[in-house]
Structure formats: structure tokens, C-alpha cells
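Start from the sequences, fold in the hints, and give me the full structure.
Number of protein chains: 2
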Amino acid sequence: MAEDSVPPVDQMALATLNDDVSTPFVKAQFSDRVLIRTILSRPDGGASLAGQTVKVGGWVKTGREQGKGSFAFLELNDGSCPANLQVIVDAAVAPLGQLVQTGTCVHVEGLLKVPPEGTKQRVELRVEKVHHVGPVDPAKYPLPKTRLTLEFLRDFVHFRPRTNTISAVARIRNALAYATHTFFQNHGFLYIHTPIITTSDCEGAGEMFQVTTLISDAEKVEKELIKNPPPSEADIEAAKALVKEKGGAVAQLKSAKASKGEITASVAELNKAKENLSRLEERSKLKPGIPQKDGKIDYSQDFFARQAFLTVSGQLQVETYACAVSSVYTFGPTFRAEHSHTSRHLAEFWMVEPEIAFADLKDDMNCAEAYVKFLCQWLLDNCIDDMEFMAKNFDKGCIDRLRMVASTPFERISYTEAIKLLEEAVKKDKKFENKVEWGIDLASEHERFLTEVLFKKPVIVHDYPKGIKAFYMRLNDDMKTVAAMDVLVPKVGELIGGSQREERYEVIEKRILDMGLPLEPYEWYLDLRRYGTVKHCGFGLGFERMILFATGIDNIRDVIPFPRYPGRADL
Amino acid sequence: MAEDSVPPVDQMALATLNDDVSTPFVKAQFSDRVLIRTILSRPDGGASLAGQTVKVGGWVKTGREQGKGSFAFLELNDGSCPANLQVIVDAAVAPLGQLVQTGTCVHVEGLLKVPPEGTKQRVELRVEKVHHVGPVDPAKYPLPKTRLTLEFLRDFVHFRPRTNTISAVARIRNALAYATHTFFQNHGFLYIHTPIITTSDCEGAGEMFQVTTLISDAEKVEKELIKNPPPSEADIEAAKALVKEKGGAVAQLKSAKASKGEITASVAELNKAKENLSRLEERSKLKPGIPQKDGKIDYSQDFFARQAFLTVSGQLQVETYACAVSSVYTFGPTFRAEHSHTSRHLAEFWMVEPEIAFADLKDDMNCAEAYVKFLCQWLLDNCIDDMEFMAKNFDKGCIDRLRMVASTPFERISYTEAIKLLEEAVKKDKKFENKVEWGIDLASEHERFLTEVLFKKPVIVHDYPKGIKAFYMRLNDDMKTVAAMDVLVPKVGELIGGSQREERYEVIEKRILDMGLPLEPYEWYLDLRRYGTVKHCGFGLGFERMILFATGIDNIRDVIPFPRYPGRADL
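Just so you know, the protein sequences line up as chains A and B, in that order.
Each residue of the first sequence is one higher than the one before, starting from 1 at the first, in my numbering.
Each residue of the second sequence is one higher than the one before, starting from 1 at the first, in my numbering.
There may be inaccurate statements among the hints.
Since the list gives no way to pick one copy over another, a pair counts as held whenever it fits inside one copy or between any two copies.
[To be verified] Straight-line alpha carbon distances no greater than 20 Å define the calculated SDA-like cross-link-like pairs of lysine to any residue that follow:
#1 Lys427 - Ile440
#2 Lys140 - Glu523
#3 Lys293 - Glu219
#4 Lys220 - Pro566
#5 Lys55 - Asp360
#6 Lys145 - Asn393
#7 Lys220 - Glu207
#8 Lys420 - Arg154
#9 Lys220 - Gly289
#10 Lys140 - Leu519
#11 Lys296 - Ala218
#12 Lys223 - Gln292
#13 Lys296 - Ile226
#14 Lys431 - Phe455
#15 Lys220 - Gln292
#16 Lys287 - Leu225
#17 Lys296 - Leu225
#18 Lys491 - Leu242
#19 Lys140 - Ala238
#20 Lys293 - Ile215
#21 Lys68 - Lys113
#22 Lys220 - Tyr299
#23 Lys491 - Ala443
#24 Lys223 - Glu207
#25 Lys296 - Leu286
#26 Lys145 - Leu96
#27 Lys293 - Ala218
#28 Lys129 - Asp360
What the hints contain is simulated information worked out from the structure, not anything from laboratory work.
Quantities reported herein were computed from a predicted structural model and do not represent experimental measurements.
Here it is, written out as C-alpha cells:
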């Protein structure tokens, strides 16, 4: 009755070609083909595999018929690496016309062989059997062979991963995500899933998306009322009269000492009349529109019985875990309902937020620096082919930048020192659009000047004026600055923002009040300081910013699979 | 100017105790202490570390003064493992009264030593210096030493990770998340971030949360209108009259051939009057309430210029990547606005959804089986101490269950066979609440009977009637069933649902229409079949269900850090 269970023999045979991963566990690829990467990424470019029969699948990048239509060359890509496998199909094996169209999906079996000398490839596949073809009508396919702009591709988010650039970004993004988990797991951090739907407003910032079922509930009620109009006053009065009448009948029978059967029947009629009345009264309460109370929306009728939002940061919530299991991080989507149409903002983006107990600002900076270095080294070790593609097509210097960041100690300067350096630059005729003076929030132009021009390497600026930072950052002894730090890197400016958190109950309570915020929504956060408080710190890294930094791509909409911004949320 | 960069020498020294992770990269713990796990989880229970001076931090589980107040024993836990470190503090080192309260945070330095014979511990810490105490007022702390129910703890989501159970769940959850990434990365899958905010309704299921800024925008307008009431008709008429008057003045000056200066001044006044009018007209359009058009809500004014929702599944979107880069998975939050108050439903939960190109239903089952086995083996290899805690406190059989699943081939039967087996059981007097006949959706009682009673191991049921499954599942040649599969496991029933996807354009178009769904919202999904279509399959695993299965915990609200369900979204 049962079929074979894993690993089936045929898959294990295929798996021998997939040996580039170093796990001791099952290696089957769960697919009737080998990944092209496992052929082409060998040190010899796959040449030593010549003579082996394999199945591969992928999409045709370019194809051309040759020898007067007697055979065809296909450049086949399956997304596992930037390189294409050269595939040769004889006209005797399959009709060539539809195979050569860009975008065609083919699933073929054949012999790996060393190509004639003088060609670029180290190995090519001579097809013996075509298992499947997913054809393309080139007149209609939206992604022709010609070079397309990233902006054009944003209108085809469902096809753009078939392009060289977007698939390379997907592999780099994947690598950075796994590197993130690997780094924090290796250092004993627990991955915590902080909530997406929240009833806390992290920074009192506003600009949050609301999550609600009130509108759809109201629409349901409206549809219902059109189908079944609510009862009129007269309907209800009539139902009331009926209850009274049936009640009277019961009383009469009882006082007349009627039979038990008669009384029971009469009581049943009374109950029916009562039920009918209460149903009508219930329905008469149904009002079209969103429920109101005292002139305001009645959120007690919303799904969570209160107003709910999409999170802007998991920090405050993950602190509850840091103050219990000590080293934690969160990595998930966050949201801002800002009407920003810039190349640096998304309405939905991913953040990495570690939080460390028994640690201060210096530990925080050490962790941030080690993490960024680890990410850069990981890309150099695991994605060098994709990085070479980026260097060739988008940003000549991107590989050197990764090397530099992975190997150079970050500069660390206080905010006060940073302001001094900027003021000195202004004296030497450097022009900034924004005025430089102690107390300002550093603008992007200042940050990039520090990291790109002055130090030419990553810079950590620490100890900012308290007036420009959030209430939860720890007040320094000078009473003027807080233990905050930002990591600035060439190309994108601020990559990381973090701080030591204020762990002293009286100090943080005063900070909240001084900022004019209400205490009530923060009671749970204050509780962490009331009971078993701990010195702790953390930071946030904007994941898409890291990808911009690594790849040199300019627009953040091109480094997330499904970008969300004002007016657009395709799919 | 710069401070030291990582890794600082003192941290590297501490790191020598953290050598239980096998990465070649920086090992600093980014904290001024060692993790208690790195002491107690050694094969010798830490005994060989005796004589070393270390710093540790954590929260006091229990404390007691001894020797007439001359010293205190503390059981210290830092969340890195279920075991506590026994800590001894002399009264000469610190006042003992506040140290011994449950929940107190302490950060201490001392000498590891072997305790006197006859005690349970293999090593204990004799404190030489107390660096920090975060006290607790036991009269007010909501988590006293007594055993608390999981239900009670749900009212304190910000403190409950300090309990043995919730911190063990956090470590198991973390392990399963990292195991998930490791499994798919090792098999060449790319991690794709599918969108949280979506304009597609995956299964036409309804019950979605709406994401909007219309309500907050309307509230802003209302506030504004209270502060600055909109212009009256008379205001606008007056402004119009002024424009006319100023226009007349310009015309008059022009026909009178007045000086350029006079005309310019007059035109400026006219322009000012026009601007004022258009501002007033703009403001007069401001209406309180949510914008309407043709009697319906005008979603063109919402943030994304159309109605938007929280995703119920990343499957359809991740298929766009499978049909481009071939082996992918998504792991993220998903949402259902169902008013379910059961122990198995959450409004926000996490799903793992792999999608494999060039693969059919058998490949899908192979992948699902290998993945579940890998997760079970991972917990046995990496979380045995937490699993022992679960076995002791929640589910005696949970470790045996993991061992059985990791090592036993899953039974595979068709739906039709499953129905036959259930019918045979009914004939032998097995009672089910739901009727058994071909065509029904298997109820939980049927699923659990198959996996727990009949086969006593995981069962994969495949090839279900098309009538009870989604439109995207591939139609079998019998035209009655689809290539779907569910993985059933003891304790929770359905753990995984998956299918081969319909890759044939004509077939899927007909299925959508047959189900009465509109084609338009699925055009992008149909495009994947129109151009370069590929045989592919995938499945979804409910991550919290996997944790319930592993731990034996009964209520899903206790296996996610911040549970969201009707009426509740704390923090």
C-alpha cells in the first residue's frame, strides 16, 4: 500500500552531483534534475563531469538555431547561479523552433561533454531526451531578450526574478538572511518572533498602518440589511404585544389550574414569542457603517477589541525576552505608512534587531561591527559570482567595499567629536546644505562625508544629544547625551542604529514624562525596570539597506521581492 | 580618538568558555558574562571548569539564606538552558535580603568550584563580587515562586519568558526555526520574503485583515476641521467676487495702457485672489469620514490606492520565484481574521512554505518527509535538555515521538484507500462524529485515527477529491482527484498540506471559472502558465503546530511569544 519513503534511490543517485553542501543529512534535491550550480561552480567549471548523464531544468536565456536548423544552442539558467549552462539539442530530438525562444522552460536529459576548444564553456550538455517544454510566444512575452531597466521591471514583479539582476539580488538577499541567522545562532542568541500586529506604538511616531475588520464587518452588515431589511418600529411593537398576549394566556391557564399539558404548551408559545422579539430587537440594532460610540469609532467591536497597527519595530517587545533569556534577536517585517516616494523608503521592509542583556554600549558596538563584518565576509565566501555580476553591471567598487569593511576596524567617534570634525570641514570650505552645530540630527550628507570622505571606512558615532533620540536610550552621566550609536558605511550612510537601554526605573519614567508621552501604554515596558531590571542594549539593521550597500543597486524597490510603497502593492 | 574595535581582548578571553559553537568566526559573546549553558552543558556538568573565575548574569529562580544569614544560595537562570547555576553569596560580599527574592536580576563574578559531595550540582559559583542587582518587591511581583498555570501566564506576556516552560518553548522554537533554514539552505533552496501586505486573496477565502490608512487620515481631517472650520458658501462667493474684481482691474489697466509696474502689481493681486479661492475650494472639499465614491468606500485614496490585506499565505507569490529560480521557500507570518476561540487557532501565526520547480507530488512528499524528520532529529541533537523538561512536565511520550518520527518511514496512502480503511473501522464499530464516505474532507478525528491508532506513525494521504481542494492543485488523469497531500502526525493530526500545482494553462483557467472565481485577480498567476510554464509543487507547514507536536503543549497560545486572537493583542 505504501510507496517508497525518502530518500528514493533515483534521487540519491542524482544527489551525488549536489555534494557542494556540507551537511551530514539527507542530500536528495527533491526534484527530477540537478542544480546547474552544482555543475558549473566546481573548481574545474564542471569539466570533470564530462561523460555523465544528467537531467537539468531551467529557462532559456538565449537560443539560436545553427547548421541550417539541424541543431540549436540554448543558454539555460535555473536560478541556482548567475552562469548559464550551454545546452545543444539536435533537430532529431525535438522541434527546435519553440525551444530557442527566450523565456521557454525546458526540462532535459543528456550527456555532459567537454566542448570544442576555443569556447568559453568548460562543459556543455548534449540533449538526448526532452522531458518537458513550457513554451513562450515571443510576440506576447513581456520580457524580451533586450536589456530592460529596473524601473520597467517593477511593473512585472511576477516575471522579474527571471532576469539576471533580480535573481542575483535574490541569491544575495538569501545569503545575507542565512548569514544573519548563522551569526546570531553561533553567538548564543535566540531568534524571537515579535508580533506583526501590535497595540503598542514603539516610538510614539504615528505613521502606522491600521489593521482592522471593522470595514469588512460593516460591509457585511450593509449587504445583510439590503437582503433582509431591519424590522420597523411597528414590527417590534407587534412582537411585544404578542409576548404580552401569550404571557396573559399563561397566567390565565395557571390561575384556572389548567392541565400540565395545556400550561406547558402555552409556555412554549410564550417562549417562542419572546425569542422572536429578542431576534427582532437584536436586528433593529444593526446599523450600516462603522460602529460608533460617543462620537468616536467603537474599537471595542474591532477584532482585537481595541485599535491595532502593523509594527514599526520589534525592539520594545523583544526586550521582554532579553530581560528573561538574555541574548535574543528578531528578524521580520516592519512597516511605515509614510508617503515617501524616495529610493530609500518602503512601506514594508525587513529589520534585524538583536538585544543583549548584561551588556553596555561598547558591547553593542562590538556586536554591530562583528555582525556587519560577518555579513561582508559571508558574501565574499558564498556569493562571489553574484558579486562579480554586480561589480560588472552596477557598482565597480562593491567587492572592494566588502573586503574593506570585512577587514578594517571601524572608526569610533563620539557625536561631539563628529560635530567638531564637520565644523572643521566647513571652515575649510566644505559646503553642507544643513547647518552643522551641536544638537542637530546628523543629515545624510554629514554621515556620508564622515564615512566616505573623512575616514574612508565605516564609522560608529556614539553618545548623541538626548534631545534628538528616543526615550528608551540610556541617559549618560553628563545629563546631556544618551548612550546611542549609529553605524555609518560608505554608499548608504546609516546602516545601523542602536543604543544601551535605560534600565533605571526613575530615570526612564521621567524621560517618558519629559517627552510629553503618556505612561499608561508603557506600563509593561516599565515593569521590566520595576522587577529584576538589567543593563541591556541592542540595535536595528535595515535589511534592505544592507543589500543596497552590498550590491550597489540604487533603488530599494529593486532589492525586495515585492516592494510596497505609496500607490503600489502588486500581487 | 577611536576606541578599540572588535574583538576586544577581554571578550575574547571570556569567549574561551563559549566554545560549544562550531563557527570559524569571531566568538565574542558581546556581553560582560558567560552563558550558563556553556558551563553546565559540558559533558562533565562543568566540573572541569572548577578553579576558573567567571562573570555570569541571570534571574534568581529561588534563593534562601542559610547559616543564620551568613550566606545565601541562589538558583540562577539566564535563559540559555533549562538548568540553573547554583550560586553562593556570603553576607560579607553583599546584603543577602534582596538577592534571594525570586525574579531578582544579578550580575556577579566569582570562582567556579566543585560542591561538597552528596549534592546534585557538579559545579557551583562562589561569588566574589556583585556587579549589579535588579531587585524585586515580592509583594508586587506578578510571578511568585509557586507554580502558575499557562492560562494565568497569558495575562503577563512580558514576564512569562522568565518561567521554565515559556523559556524552554522559546529555545525549542528557536531551534526549529534555525533547523528550518538549515534544512532548506542545505538543499539549495533560496529563502524568499513574500509580502505581508497583499492585494491578492490567495484562496478566495475572505476572513482577511484589512490594512488601511483611511481611518487615521479621516481622523486627521476631522481634527483639522474642528480647529479650522471649512469655508462657508458665502466665504467662497466672496472669494470669487474678489477674483472677478481683481480681474476687472487688470483688464482696465491693460486697456488703459497703464505702466508695466502698475499692471504687474495688479496681476500679482489677481493671482493672490485666485490662490486664495482655490485654497478655499480645496478646503471646502474636505469632508469628515472615510472618503466615498458612488456609495462605496473610495479606496483610490487609501495608501496603496486600492484595498489591501494581510497575507493568508505566501504560496502564490513564492510560485513566481519557483518559476524563475526553481527551489525556494518562504518562512514568515500569516494571518486569519477568524473568530475562532479554539486552542488550535491564532490570528497571527508563522508558516514555512517551500516551492520546488521540476518536481511532482512524489518529490513533494519526499521533501515534506525529509524536512519533518530533520526537525525531529535536530531537536534530539540540540535541545534534549528542553525536551526532557517537556517530557517531565507536559507529555511523557514527546521524546519517543520525536525518535519514532525521525527514524520511521512515513506511511503513504491515497485518499481513496484512507476512506476504505475508515469505512472498515466503522464496520468494526469504531464511532466517528462525522460521516465517512468518499468525497468528505477528512475531519481531525479521522486524521488522528489514521496516524495514532491505525498506523501509529506519520501518514501521508494523497490524491484528494478535487471538490474539497483549492483551484491551483493539479488535476489527476481520473478527472476526479487532484495531486494534493497532507502529512498527518500523532498528537496534532494535519501538520503539512501540499500539492503539485496545476501547470497547464487551459486546465487551471477552467478550474478557476468552474469554481466561480473571477479571472482578473489571477492574471499574473496565469501568466506563469502562459509563459515558460513548469511542473512544480510545494507545501505549507504550520510552524506553531510543529511546536505543539514537538512539545506536547496543548494550547497554541503558549507556543508563540505574543499570541493574537479575538479580543487580544497584548503589547
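Status of each hint after checking the structure:
no.	hint	result
1	Lys427 - Ile440	within (18 Å within a copy, 81 Å between copies)
2	Lys140 - Glu523	between (59 Å within a copy, 14 Å between copies)
3	Lys293 - Glu219	both (18 Å within a copy, 15 Å between copies)
4	Lys220 - Pro566	between (28 Å within a copy, 18 Å between copies)
5	Lys55 - Asp360	between (55 Å within a copy, 15 Å between copies)
6	Lys145 - Asn393	within (17 Å within a copy, 62 Å between copies)
7	Lys220 - Glu207	between (28 Å within a copy, 12 Å between copies)
8	Lys420 - Arg154	neither (43 Å within a copy, 51 Å between copies)
9	Lys220 - Gly289	both (10 Å within a copy, 19 Å between copies)
10	Lys140 - Leu519	between (60 Å within a copy, 19 Å between copies)
11	Lys296 - Ala218	both (15 Å within a copy, 12 Å between copies)
12	Lys223 - Gln292	both (19 Å within a copy, 17 Å between copies)
13	Lys296 - Ile226	between (25 Å within a copy, 14 Å between copies)
14	Lys431 - Phe455	within (18 Å within a copy, 77 Å between copies)
15	Lys220 - Gln292	both (16 Å within a copy, 17 Å between copies)
16	Lys287 - Leu225	within (9 Å within a copy, 26 Å between copies)
17	Lys296 - Leu225	between (23 Å within a copy, 15 Å between copies)
18	Lys491 - Leu242	neither (79 Å within a copy, 53 Å between copies)
19	Lys140 - Ala238	neither (66 Å within a copy, 57 Å between copies)
20	Lys293 - Ile215	both (16 Å within a copy, 15 Å between copies)
21	Lys68 - Lys113	neither (23 Å within a copy, 85 Å between copies)
22	Lys220 - Tyr299	both (17 Å within a copy, 17 Å between copies)
23	Lys491 - Ala443	within (14 Å within a copy, 56 Å between copies)
24	Lys223 - Glu207	between (32 Å within a copy, 16 Å between copies)
25	Lys296 - Leu286	both (17 Å within a copy, 18 Å between copies)
26	Lys145 - Leu96	within (18 Å within a copy, 76 Å between copies)
27	Lys293 - Ala218	both (15 Å within a copy, 16 Å between copies)
28	Lys129 - Asp360	between (63 Å within a copy, 19 Å between copies)
Violated hints, listed in ascending order, are 8, 18, 19, 21; each of the other numbered hints is respected by the structure.
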